Amino acid sequence: MKKLLLAFVVLAIALSACDKNKDYLITIHTEYGDMKAILYDETPLHKKNFIELAKAGRYDSTIWHRVIEGFMIQGGDVQTKEGIRETEDQRIPAEIVAGFKHTKGAIAAARQGDQVNPKKMSSSSQFYIVDGRKYSEAELTTDQMKLNQGVSQMLRDDQYDSLRQLFTALQQKGDFEGMNQLALDCKDYVSKELGISLDSDIDPETVTTYTTTEGAPHLDDEYTVFGRVVEGLEVIDKIAAVKTARGDKPEKDTYMTIELEMVPKKEITKKYGYEYPKEK
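Going left to right, the sequence shown walks through residues 15 to 294 as my numbering numbers them.
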């Protein structure tokens, strides 16, 4: 009897060690192709929640309901699919990890805004995948909100009428990127005229990241990044490029299904380049 019990203990330890050396490889199937993804151990609540929903098939047949090219694709609205309403106690506490950036392919949890959600709690099901774009150093090192406020203040003064006309012409064309660039071109002038600093407090590493990699830097440290796409980044581009209607909702519904597979971590590292954090 003791030998049998010992055998069970040994088997349990062996199975535990086996699971410890494996991880879930997520496959997100879409009509535009498949995306392979991994979820971070550093965000255990979000990882557990996503896996439970996927295992139960609750993500299957949900749609990508909000799509903005050069920014992100959002889906996983289980509540709307099932005709239920999310309650506050179903939301997930924020697990915002320093260093987890919103670079292209990052998977993050959607959430309500700070005014009604000051703790930045995540949706119980909705997530988004970053599409993003590259940023110039000037964009990243400038306090854009403060710059826009300064420009608006100056344009109310008739002595800056020629500058006002330039902004008006761009606005009439709907060229908002051009307006942003013109504001950036005026940064030093606005700073000097109003006697204010318009520099943003941003670290050099972040500047390097987003000038060389597509992403959405303004979301960093505001939303929980809990995983990333390791294969199929081109699928994000295809979904992000679909024609949308009001509310950034695609005119044609695009569905997802999610498949889970337990794969050795060494295999994931070898095939997809993801390095797992070393155990302490």
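Source of the hints: derived by calculation from the structure; they are not laboratory data.
Among the hints, a few may not be true.
Heads up, simulated DSS-like pairs for lysine-lysine below, C-alpha to C-alpha not over 25 angstroms straight-line [stated by the list, open to error]:
| # | residue 1 | residue 2 |
| --- | --- | --- |
| 1 | K62 | K36 |
| 2 | K160 | K206 |
| 3 | K61 | K206 |
| 4 | K34 | K279 |
| 5 | K50 | K61 |
| 6 | K34 | K201 |
| 7 | K263 | K280 |
| 8 | K134 | K62 |
| 9 | K34 | K61 |
| 10 | K148 | K50 |
| 11 | K263 | K95 |
| 12 | K206 | K187 |
| 13 | K187 | K263 |
| 14 | K263 | K34 |
In this text the structure is predicted, and so the values were computed from the model without any measurement.
Hints not upheld, ascending by number: Numbers 3, 6, 7, 12 and 14 - these are the hints that the structure violates, sorted from lowest upward.
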